[in-house]
Structure formats: C-alpha cells, structure tokens
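Quick note: the sequence shown uses my numbering, first residue 9, plus one each step.
What the hints contain is simulated information worked out from the structure, not anything from laboratory work.
Mixed in with the good hints, there may be bad ones.
With a cut-off of at most 25 angstroms between alpha-carbon atoms, the simulated DMTMM-like pairs for lysine to aspartate or glutamate come out as follows [unchecked claim]:
#1 K89 to D173
#2 K89 to E171
#3 K89 to E37
#4 K89 to E135
#5 K89 to E103
#6 K89 to E40
#7 K89 to D16
#8 K89 to D39
#9 K89 to E159
#10 K89 to D34
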Amino acid sequence: MAYVAEFDPLCYPGTTVLINLLDSRDQTELDEVELALFLTRADEPLPAGELDYPHYRSLHRHLFQDVYAWAGQPRTIRIGKGGSWFCYPEHIATEMARVFGELGNPDLLADLDSVGFSGHAAHIVAEINAVHPFREGNGRTQLTFLAMLAEHAGLTFNADILERDRVIQAMIDSFSGSEAPLQALIEDIIA
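Whenever a hint applies, use it, and build me the whole structure from the sequences.
Right under this line is the structure:
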C-alpha cells in the first residue's frame, strides 16, 4: 500500500518516487535495490547506543544510508497510509521522547518474562509505528530495533518466522488500538 503525502520535496518532481542516492526514478527498481542494500546493512554490526531516540535515528541512518541522503532524519511532511495519518512532523520529537520515556531503562527488560517483554515491546513498537518518524523505512527499522531490544533482554529473535502479511496486519491492528496481535507475534518471535 502506497503512502499518501502532502506535497513532498523529497520526491522527484511530478512523481511519488523518493529522491535517492542511486538516482533511480522507477519505483519498482528502487524498491528492489533499497531492499538489497537494507539487507546488506542489516547483516553488518548495528550501531551501538543507549536504545533511545538518538540511537533509533542512528539505526535508521545505518540501514538506509546507501539509499537516502536524509536517512536517520525525521520527516518534515505529513504522511498517511490506508486512510490514517501518522504523527504530524511538528510533534515527532516530542512523541518519540514520550515513547522512549515509556520504554524506560532498557536494562530492566531482562527482568521481564517472555509475556511481560512481549507486551511491553508491543506497546513501544506500536507507538513508534504511530509516530512513523521517517519518510521511508519505518517498518524495517522497527523490526530491527525490536530484535535489538530482545537481544538486550537476553532473548532470542527468530526472524525466520516473520510473515509479511501477519506483521502488517499486527501493525494495522495496533494502530487501531489493539496491541494483542502484535504481542502474540512478538511472543512467537522470541519463543
């Protein structure tokens, strides 16, 4: 499903294709190359940090640095998907500070059992998704961050069981107020 956006200075004029470092103006080609470059960067050591908003931004920068000059920078336009609008850009910094405040001390994640971790992580990921701080790459950054949270808590993260449709539906459900499917997905991933 494509994003809906107000006028986007990050797109090539007259298109919805994001200006990219590859100068690809074909969306299908850009999607394929973007995914390949993301997977390459995701296999590298991820940036170290405090599992806070600056760290989250550096994670996005790392994952998408080969594709977008603005990687790691919060978006500046309003975007939506499926008839719903994400956090307005003027509130992103405040909302991300709130979300990471709710995350709390990441060192305490290790004190949670798998159900407690899954519930807490589902809430944090759902809130980050509702903010949608970046113009592109939000979902992949969220899942990578979730893997980092699980690892920090001493849990395994089995990405092999991720099914695209289930992830998307869990994120849609969480945006609509039901975090239970996302929590169940996380429980399965860390089992």
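Run the distance test for K89 versus E37: straight-line Cα separation, threshold 25 angstroms. holds (22 angstroms)
What's the verdict on K89 and E159, does the C-alpha distance respect the 25 angstroms limit or exceed it? violated (30 angstroms)
Can the restraint linking K89 and E103 be considered satisfied, given a maximum Cα separation of 25 angstroms? holds (19 angstroms)
Between the alpha carbons of K89 and D39, is the straight-line distance 25 angstroms or under? Between K89 and D39 the Cα gap is close to 17 angstroms, so the pair holds against 25 angstroms.
Mind checking the alpha carbons of K89 and E135 for me, to see if they're no more than 25 angstroms apart? holds (16 angstroms)
Hint consistency between K89 and E40 [alpha-carbon to alpha-carbon, up to 25 angstroms]: holds (21 angstroms)
For a C-alpha distance cap of 25 angstroms, please report whether K89 and D34 respect it. holds (21 angstroms)
Taken at face value, is the distance from the CA of E171 to the CA of K89 at most 25 angstroms? Satisfied, since the Cα-Cα distance of roughly 20 angstroms is no more than 25 angstroms.
For K89 and D173, compute the direct alpha-carbon distance and say whether it is at most 25 angstroms. With Cα atoms ~16 angstroms apart, K89 and D173 stay inside 25 angstroms; holds.
If you draw a straight line from the CA of K89 to the CA of D16, is it 25 angstroms or shorter? holds (15 angstroms)
In summary, the structure is inconsistent with hint 9 from the numbered list given earlier, while agreeing with all the others.
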